[in-house]
Structures are given as C-alpha cells and as structure tokens.
Amino acid sequence: MSENKNQHVSYLDHPGKYKGIFAWIFATDHKRIGLLYMYAIASFFVIGAFLGLAMRIELIQPGETIMKPQTYNGIFTVHGIIMIFMVVIPGLSAVFGNFFLPIMIGAKDVAFPKLNRFSWWIFMIGSVMAVASQLLKSGPPDTGWTFYAPYSTTTGTNVIMATSAAFVLGFSSILTGLNFIVTIHQMRAPGMKFFNMPLFPWAIYATAWIQLLATPIVGITLVMLIAERLFGIGFFDPALGGDPLLYQHLFWIYSHPAVYVMILPAMGVISEVIPTFCQRRIYGYKAIALSSLAIAGVGFLVWGHHMYTSGMSEQARWFFSLLTFIVAVPSAIKVFNWLSTMYKGSIDMQPPFLYAVSFIFLFIIGGTTGLILGSVATDVQVHDTSFVVAHFHYIIFGGMGFAFFSAIHYWLPKMYGRMYNIKRATWAWGFLFVGFNLLYFPQFIIGIQGMPRRYYDYLPQFQWAQVISTVGGFIVVSGILMMISNLIAGARKGEIAPANPWHGTTLEWQIPSPPSLENFDEDIIVKENPYDYE
Amino acid sequence: MANNTSHTTEYKVLVRVLLVLMTMTFLTISVTSFNLGALSVTVALLIACFKGYMVLSYFMHLKYESLLLRILVGMVFVLFALLVLITFIDYAYR
Amino acid sequence: MSEKYHVEEHRDDEAKKLGMWLFIFTELLLFGGLFIVYSIFRFEYPKCFREGSLELSVTIGAVNTIALLISSMTVAMALTAVQKGNKKLALQLIAITLLMALLFLVNKYFEWGHKFEMGLYPGSETMKHLDRGHLLYFSLYFFMTGLHALHIIIGMVLLFICLFKVKSGNVHTKNYSFMENGALYWHLVDLIWIFLFPLMYLIS
Numbered sequence: 161m162s163e164n165k166n167q168h169v170s171y172l173d174h175p176g177k178y179k180g181i182f183a184w185i186f187a188t189d190h191k192r193i194g195l196l197y198m199y200a201i202a203s204f205f206v207i208g209a210f211l212g213l214a215m216r217i218e219l220i221q222p223g224e225t226i227m228k229p230q231t232y233n234g235i236f237t238v239h240g241i242i243m244i245f246m247v248v249i250p251g252l253s254a255v256f257g258n259f260f261l262p263i264m265i266g267a268k269d270v271a272f273p274k275l276n277r278f279s280w281w282i283f284m285i286g287s288v289m290a291v292a293s294q295l296l297k298s299g300p301p302d303t304g305w306t307f308y309a310p311y312s313t314t315t316g317t318n319v320i321m322a323t324s325a326a327f328v329l330g331f332s333s334i335l336t337g338l339n340f341i342v343t344i345h346q347m348r349a350p351g352m353k354f355f356n357m358p359l360f361p362w363a364i365y366a367t368a369w370i371q372l373l374a375t376p377i378v379g380i381t382l383v384m385l386i387a388e389r390l391f392g393i394g395f396f397d398p399a400l401g402g403d404p405l406l407y408q409h410l411f412w413i414y415s416h417p418a419v420y421v422m423i424l425p426a427m428g429v430i431s432e433v434i435p436t437f438c439q440r441r442i443y444g445y446k447a448i449a450l451s452s453l454a455i456a457g458v459g460f461l462v463w464g465h466h467m468y469t470s471g472m473s474e475q476a477r478w479f480f481s482l483l484t485f486i487v488a489v490p491s492a493i494k495v496f497n498w499l500s501t502m503y504k505g506s507i508d509m510q511p512p513f514l515y516a517v518s519f520i521f522l523f524i525i526g527g528t529t530g531l532i533l534g535s536v537a538t539d540v541q542v543h544d545t546s547f548v549v550a551h552f553h554y555i556i557f558g559g560m561g562f563a564f565f566s567a568i569h570y571w572l573p574k575m576y577g578r579m580y581n582i583k584r585a586t587w588a589w590g591f592l593f594v595g596f597n598l599l600y601f602p603q604f605i606i607g608i609q610g611m612p613r614r615y616y617d618y619l620p621q622f623q624w625a626q627v628i629s630t631v632g633g634f635i636v637v638s639g640i641l642m643m644i645s646n647l648i649a650g651a652r653k654g655e656i657a658p659a660n661p662w663h664g665t666t667l668e669w670q671i672p673s674p675p676s677l678e679n680f681d682e683d684i685i686v687k688e689n690p691y692d693y694e
Numbered sequence: 016m017a018n019n020t021s022h023t024t025e026y027k028v029l030v031r032v033l034l035v036l037m038t039m040t041f042l043t044i045s046v047t048s049f050n051l052g053a054l055s056v057t058v059a060l061l062i063a064c065f066k067g068y069m070v071l072s073y074f075m076h077l078k079y080e081s082l083l084l085r086i087l088v089g090m091v092f093v094l095f096a097l098l099v100l101i102t103f104i105d106y107a108y109r
Numbered sequence: 011m012s013e014k015y016h017v018e019e020h021r022d023d024e025a026k027k028l029g030m031w032l033f034i035f036t037e038l039l040l041f042g043g044l045f046i047v048y049s050i051f052r053f054e055y056p057k058c059f060r061e062g063s064l065e066l067s068v069t070i071g072a073v074n075t076i077a078l079l080i081s082s083m084t085v086a087m088a089l090t091a092v093q094k095g096n097k098k099l100a101l102q103l104i105a106i107t108l109l110m111a112l113l114f115l116v117n118k119y120f121e122w123g124h125k126f127e128m129g130l131y132p133g134s135e136t137m138k139h140l141d142r143g144h145l146l147y148f149s150l151y152f153f154m155t156g157l158h159a160l161h162i163i164i165g166m167v168l169l170f171i172c173l174f175k176v177k178s179g180n181v182h183t184k185n186y187s188f189m190e191n192g193a194l195y196w197h198l199v200d201l202i203w204i205f206l207f208p209l210m211y212l213i214s
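Residue numbers (our numbering), protein chains in the order written: chain A, 161 to 694; chain B, 16 to 109; chain C, 11 to 214.
No lab work stands behind these hints: they were computed from the structure.
Heads up, the beta-carbon is just placed ideally off N, CA and C, and yes, glycines get one too.
A hint or two may mislead.
Pairwise CB distance ranges (calculated) [to be verified]:
hint : chain 1 : residue 1 : chain 2 : residue 2 : range
1    : B       : Y108      : A       : G610      : 44 to 54 angstroms
2    : C       : H20       : B       : L54       : 31 to 41 angstroms
3    : A       : S470      : C       : E61       : 25 to 35 angstroms
4    : A       : A492      : B       : L83       : 22 to 32 angstroms
Modelling step: build the complete structure from the supplied sequences, incorporating the hints.
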C-alpha cells in the first residue's frame, strides 16, 4: 500500500484523452462535471443578482427611475427564469450532488457518466436558449417566470423561445435525477446500506425522485402553451372553451415540488455541516433521512396553495391548505434535530458553520411566513403582494442560497486542495447576512400593508421600505462579490489544505485533497454510523 | 451485480397473454357500443387497467422482477391517480 | 470467462434496466399531464366528446390496437429468443415488430389525412369555428395521438438499433441489456395506446 502514497494524481491534473478546454467540455468525470456546473451556475447567479439590483434601483422611488414599465416586466421575468431554472433548481444537485454523491457513498463515479456529460451539455444549450429569448426580435418575455395563460398565449414577446429553454433545462434535470437514483441504488460501497449513508446522499436521493417525476408534467404543460400560441388548441383560453386555471394546476403540480428540489439538498448540506462543526453525531439521523422522503412525497400534493385566490372550489382550497400544514411538519423536525445536535457540542464558528446557522434563522422566518400564506384566510390578504416575494426569498435565497454558500466554504478545500482566507470569508458572510435582512424584511411589512408584487410603480407610503430594501440590495451584492472573489483567490492560490481540515467523518474527508480520478486509491472503511465522533 | 440473469419468459406464455389482451380489446369495444352512461367509462377504464397490468407483468417482466421495482411502478401510478383526483376536487365542486 | 464472449469490466446490467424503468416513469408522467387535461375536459363537455369520437373509425383504431399488442408480444418473444441464443428467430421477431409498428403509422397517416381533407387540423379555420367542446376534443386527439406517434418513431429507431446489434452479435445470450431495455421502451408505447384507444375512440 505504501508504494501508492507517492502516486496520488489529482483529478485536476489527470492526463485524459482530451487536452485543454476539451478536457473539460468532453469530461465524464463527475468531479469535473460538478465544477462545470458550478462555473456556469455561479455566472448565472451573478447575472441574476445584478438583474435584481436593477429592479431595486428602479423601485427606490415611485414612478420611472431608470427604466420603462415594459423593461421592468421583462427584467423580473428573466430574473425569475435565470434564478429558478438556471440557478436554484439545478444548483446544489448538479454541483455538489455531482461532485460529492459518489464519493460519500464510496463509488468511483455516477452510474452513467456519459449521460451525466450529456445532461450538462443540454443544460448549457437550454441556458443559451434562455439568453436567446432575451435578444430575439419580438423582445424579452414579460409574463413572469410563471408564464400564466391567457397572457402568455397572447403576448407578442418571445414566449416560445423561453418556454422551449425551460423544457430543455427540465430535461437536463430529469436525466440528472435518473442518474443519481441509479447511482444510489447500485453503486454504494460494500457494507454501506441505505441507513449507513450520510444525510447529504439521502437528501439527493429524495430530490432526484422529485426531479424525475415532477418535471415531465411541466414539460408537457409548456408544450401545450406553445401549441396554444401556434395553433389555438384552446386548453387554456376561456373563449375557446378552455380554462386558465388548468394551466395553473399543471404548472404548479411541477413548480411546487420544484421548490423541494431546491431546499432538500440544502437541508442535506446543513445536516453535514452541523455535525462537523459541533464535532457531534447528528441528532435523529433516521428522522432526518425519512423526513426528506416525506417532504418529497407530501410535497406533490400541496400545489393549490399558489392558487387560493384564482377561483378554485372551496373544497380544493381547504384540501390544499390542510396538506400544506402537514408538509411543514417534516421540515420542522429537521430544524429541531439540527438544534439538538448543536446543544452541548464543541462548536467551531468557521464560515461554513456561520452560513449553516444563518440558514436555520432565515429558513425559520421563511417557513413560518409560509404558514401565513398556507392558511387560506390570511393568504387572501397577502397573495400577490411583496409579502410573498419576501417569503420565497427568505426560503430560496436565505435557505438554498446560504446553504450553497455553506457548501462551497465547506467543500472547497476538498475540491481544490487549497484554503480560502477565513477572515475575508467571515466579513463577506456578515455583509450577506445583514444586507439580506435589510433587503427582504421590510417587504413583509409593506406586503401586508398592500404593496403588490411585480409592480413597477407604487404609492408613496411604501417608499421608506423600498429605500431600506434597495440599500440592503447593494450590501448583498457587495457581499456576493466579496465572497466569490475570496473563493476564487483561495481556489487558485490559497494555502495548501490538508485532507481533513474540518475534522469531518464522512468518506470525502478520508481521501486526499483534491481527490484522484477514481476517488478511492485505498480500501474504503465503511462505518455503520457515518457521523462517528465519539 | 448480477449481469443479465433475468428470467426468460416462454413463448407459449407470451402467446397466451396476447390472446387474453385481444379478448379484452374486443370486450371493451362491445361494452362501449351500448350506452351505459358513466358505467361505460368505468368498465372501459377497468379493462384497460387490466390489460395494462398484463403488459406490465408479463411482457415487461415485472412479475419476475424485484419487489423494489414493483413498488416503484405502483408508486408512479398512485401518484398519477392522486394528481387526477386532487385536480377534480377543484373541478367537481366549482 | 468464455472465450467467445467478451465481458466488459464495469458492466452493470441491473443499473441499465433500472435506468430504463426510471425513464419509462418520466414518459408515463409526460402523457399523464395530457390525461389530466383529457379527464377535465371530458368531464366538462361529455356530449361534445362523444360526438367527436363518432368521427373516428373504431375499426382502424381496433386494428391499430391489435397491431401494437401483437408487436408487444413479438418483441417480448425476441428477447426470449436472444436469451435462448436463437439469433435467427430473434431477428425475424424484431422484424415483425417493426412491421406492426409501420402498419400502425400507415393507418395513422390515413386517419389524419382524412381529417386534414375535412379541414380538421390544429390551427385550421374549421377548428376555430367548432363548438367549444369539439375543439377541445380534436385538439386533444391530435396532440395525444401525435405525441404517441412520435414515441412510436423513437421506439422504432431503438428497435432498428436492436436489429443491427443482434445481427452483428453485439447483443447475444450473455449480453442482452440493449434488447431487454429496447423492448421495455416498446412496451411503454403499447401501454399508452391501451389507455388512449378507449378514451379517444370508444366514448359510447
């Protein structure tokens, strides 16, 4: 065994069949594919963030500030399309699922590496199509990322290109989900049963099922939308006998489970980071594992809570409200388990942990405001106001976003074999956390007071909150830029990192940093308890 | 991992399954030629489900596959049924 | 390890089969979305749906159903033949499967052609002036049978590849994943039609 010690070749230096840029574009190594997704998604995130900042500048005062109303409609639409379809849905799965799922279960790659590469290719193609929808003759879509009929079937803008882009991106998501499910079923190391897997693979597993089963439904719905625009098939047009609500049902049958695609891997990351930085086994391993499956399952049945004011029957409204309250329970279970893990733990406040703890804080706010939205009576007041905007940004950005930041600060030393500047990372976190709350909390308040969402203009009484919010937006963007530049500097020329800088117990910390091409050069020791700190 | 040790279905079993499927097809056609109102749809769908079950079990070998796979297939159909049912909670009571 | 057949080092046939089943799940839900739409509109426009279905030929529909059922049997038999090492029979059975598929598509061509001659096609003036329920019925008819026909074509491509792989000896008694999974995909196409036929053609 000792003769292998000097032969460790990092996956980044491994001489493969292709050279230069082709070594990346034609890569089938799950680690390279994970990085490719990360570079693309980080870029899209920055673009989406600047689009958001443009909106915030426009909203700093009532009336026209820097853009016309049609432009504003186009910007909130593309901000949504980019953030939802190109950043948050693929985000954690495609980047960290790809990089770390095989390693954490003791496998040398995913089940279908070439399919994995194909998934990335079509992700890029879909992204190019989304960009094209912004630039083609008929102008950027102005429907919102939700493409509600009948406006989406009649507006003159590039709806067909945008929905086709979403279709292609969805296909990428489906294939990734398929790949991960087979990987987990077939490629676990000998001795690693389902209940010996760490919690991040469990989260990826539950997520993969949602990606697989929910996405086809929005796929066919978008095709129906395109057919409506091209042929007037009548499904969603009341004048032709159709029903606009049917579009909403079909759209949200996917898009609600999609938010669990966003949050489940995020929760998986937190379930990894907390034990490591408290040097304690996770409290309630089985409960967290099974709650992931429960969230995935029940999450399929709550979609109507996006439609309480649309005209659904009373029975539908109370059914969806009941299921919505039920689905909150497994999420709450996770929060209690994380907090219990921290109790009497040996806490080390490194950047990954800072992001994880702020995740819990922001997720609780997002989650509880979700209950206000989930209850029909209160939802009537706040539907389509900036209260909703604040809620979902707390969950998606404060939740999934901060978990992504936690993950990259946690796993970067493993991915690149180098460490970033901890002090700068901590400052960036501070800017992000403070800026985030300034940006979104005021929007809860004016939302209840009646400030509508997706509105270009507003009454003067809401301006105080819009100003604070815009200031917060600038602080957030500064934090993002600070964080990203620190991480890039660390990855390229940071100090060499040891194999296990955080003293974690899961399999990725037992191999060198960066890993070799097939991950495990020596025999893998699978422990019954993946969080064996005692 | 067991490579290609799937069960081999005998030819005559497959022929018998086809005969059952064809019989069921003709049954569906004759049942729906009478006007039994809502009952026609129900019977036609039930027969279709039975035909589907035969195709899944014998042609697609589900009968000889792992319990896991059978449960997963079942889950997908249950999910679809739930989606239809729940959507109808809206439409049936409008 | 037998001399005659080369076993690949990292082969996992269970994984490939599971992968195909998972893909089949996505196809079921893709069509599922359309079945949801169908069920809603049939519920809302029962008379129009019944009248619309009278425009379809039950005979052609039945012939197509039988053709697909036979093709499902022959492709399943082809797999058995491959497993038993009977290359010649396997090739004949795959060929019959493809023939049945072609028959289906030819029938579909005539069915649709007849509708087009009547001025009935998505986006036509006639369609626009139909009764609301009739418009929805025919829109669903074209959409669902069209999407299904597309999947028949995809299935045929897979089966053609199977044919060549069996012929070249690439697929054989100790390595038949491609045949098995290609057949599974074909059965899916049959499965969808089993539900589509009564819902489109047999509304009493």
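Item to complete: Report the numbers of all earlier hints that the structure fails to satisfy, in ascending order.
Response: 1 and 2
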